[in-house]
Amino acid sequence: MNENPRIGIPLMIATTFVFAAQDGISRHLAGEYNVLMIVMIRYWFFAAFVITVASRQAGGIAAAARTSQPWIQGLRGALLAIEICVMVGAFVLLGLVEAHAIFTCYPLLVAALSGPILGEKVGWRRWTAIAIGFVGVLVILQPGVAVFSVEALVPLCSAFLFALYNLLTRFAARKDRAATSFFWTGTVGAVVMTCVGVWFWESMSGRDWIWMGVLCVTGASGHFLLIKTYEFAEASTVQPFAYLQLVFASAIGLVVFGEDLATNVVIGACIVVGAGLFTLWRARTKGQS
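Residue 102 is where the sequence shown starts when you use this note's numbering, and the numbers rise one by one after that.
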């Protein structure tokens, strides 16, 4: 890899914008049609994309699919598919602003679970940051203030599933190439969603089929940009900029869907993002020592 943050960082920013646009389109479509059907169609295109990418690499599809840990790879793919369904449902229930504000705690969950699952050492500084980050989540959720919204637990569940997916991805990376994990992510997710989603098929208007096509293109484009990002910069360099997806998605929620920006959501999101950036910095510092 030719390390060039000047290219990698703008690519990461573009990636977060594309994924935020994808979330906005998902919110629109899932508000009109069944979530499972929307995610299923999206995965069909994603699977076609990863198969095309694999076929053009050395060894073709057979090399991309080769793994000594198929159960881990299969579980990864299924977890991500379920997580996407849960998160899209959260967009409909809560809107983009609040759902993303809560979801941003997933790096803290990754840090907290990396010890028991991967055997990684988490020092007291990162544990403190994790605790502070979850205070931020509580500020967003406001338990005990007025009537607690049970729907707010949906993006929190999504964050937990995504954290598990990330940890399993790191575990799988000990033996498999990134291309193998990418292939299994798309194909397994497509199989899982097809087994469930076909039972919830609904007729879609011509205009919404256009939006569905845009959703599929943004999904593939986002993953392509992410792949290119990691060709020019290490994950630890560009990961802080991934939080811009919260900014872009919130802007779409405010401008397009007329959502509100509550003070507690802004304060809580700032606490969570700050704690997440600190855990990333500590992880990078420990890795360099």
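It cannot be assumed that every hint is accurate.
[What the hints assert, rightly or not] Listed next, with one range per pair, are the computed distances between beta-carbon atoms:
id: 1; residue 1: Ile108; residue 2: Val251; range: 36 to 46 angstroms
id: 2; residue 1: Ala352; residue 2: Gly132; range: 14 to 24 angstroms
id: 3; residue 1: Ala232; residue 2: Ser304; range: 40 to 50 angstroms
id: 4; residue 1: Ser156; residue 2: Val292; range: 17 to 27 angstroms
id: 5; residue 1: Ala232; residue 2: Arg308; range: 39 to 49 angstroms
id: 6; residue 1: Thr295; residue 2: Ala159; range: 44 to 54 angstroms
It should be emphasised that the hints constitute simulated quantities derived from the structure, not laboratory data.
Glycine included, each C-beta is placed from N, C-alpha and C at the ideal position.
Open item on the list: Let me make sure I understand: some of the numbered hints might not hold for this structure. Which ones are they, in numerical order?
Closed with: Hint 6 contradicted; others consistent.
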